[in-house]
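Full structure from sequences and hints, please.
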Amino acid sequence: AQSVSQHNHHVILSEAASLELGCNYSYGGTVNLFWYVQYPGQHLQLLLKYFSGDPLVKGIKGFEAEFIKSKFSFNLRKPSVQWSDTAEYFCAVNGGGNQGGKLIFGQGTELSVKP
Amino acid sequence: DTAVSQTPKYLVTQMGNDKSIKCEQNLGHDTMYWYKQDSKKFLKIMFSYNNKELIINETVPNRFSPKSPDKAHLNLHINSLELGDSAVYFCASSLSRGFGELFFGEGSRLTVL
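The listed protein sequences correspond, in order, to chains E and S. When we follow this note's numbering, the leftmost residue of the first sequence carries the number 1, and every step to the right adds one. When we follow this note's numbering, the leftmost residue of the second sequence carries the number 1, and every step to the right adds one.
Keep in mind the hints are simulated off the structure, nothing from the lab.
Ranges of calculated distance between the beta carbons of each label pair, as one might list FRET restraints:
hint, chain 1, residue 1, chain 2, residue 2, range
1, E, H10, S, T13, 29 to 37 angstroms
2, S, P69, E, K69, 36 to 44 angstroms
3, E, K61, S, N79, 37 to 45 angstroms
4, E, L46, S, H73, 19 to 27 angstroms
5, E, H7, S, E82, 32 to 40 angstroms
6, E, E66, S, G16, 43 to 51 angstroms
7, S, D18, E, E66, 43 to 51 angstroms
Please read all numbers here as calculations on a predicted model, not as lab measurements. Glycine included, C-beta positions come from ideal geometry on N, C-alpha and C.
What follows is the structure in C-alpha cells.
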C-alpha cells in the first residue's frame, strides 16, 4: 500500500531563514507528487506538483521541491521564509488510475514563522 | 466564482442526529472525493466518484453514505452521528481518475456534541 511520511511534525523558524521539509513515499510504480499548503482556517491549496521531466520543480510563492527517485523523496524548500508562510504543509502521492486517482497524504508539517 | 463549494461551512449537532453536507464543482471535472481531516490535521480519503460511479470506498462506517446525482455534485449523508465524527470534511475534484491534482473545497467543520 502507498504511504507518505513527513519527517517534521512542527518546524519553527525566524523570518528569512531557509526551509526544508522532508517527505518520503512508498510506492513501487509511477507516481505523481504534490505539496499542498493549508493556511489557518482555510482549505488546501496546491503549492507545486511533479508529474515527469525535470526533477526540480518550482511552485508558487518561491517554493520548490526536488524529486529524488532513488530515495523515494520529494522535499520542499524555500530559501527565505516569511511570516505569511505560517501554515500546515502536506506532501501527497498519487498512484494513478488503478488507485482511483486518490491522493495519499502525509501527516502534515506545521510551520511557524516568527517575525 | 468558487470552483469547489461546500455547504454548510459549519455544522453543530447532537449525537444521534442525521446530517448532510453538499458539494458542487463548476470545473467540469469527472471525479470527486470526500476527505476527512481529524483534529491532528491528518487527511484521509473516504469516498470517490467518477462520473457518478463509486470508485473508492475506504474503510468508513456504513453510517456514511455518499450520493452523486450528477458528476458536478457529491453529497455526504451521515446517520446516527457520533462524537468521533467531529472533523473537517473536505470535498475535492479532479479532471479524471488518473494522476491529476485535486482541487479542494473550503471544508465543512462538523462538531458533534
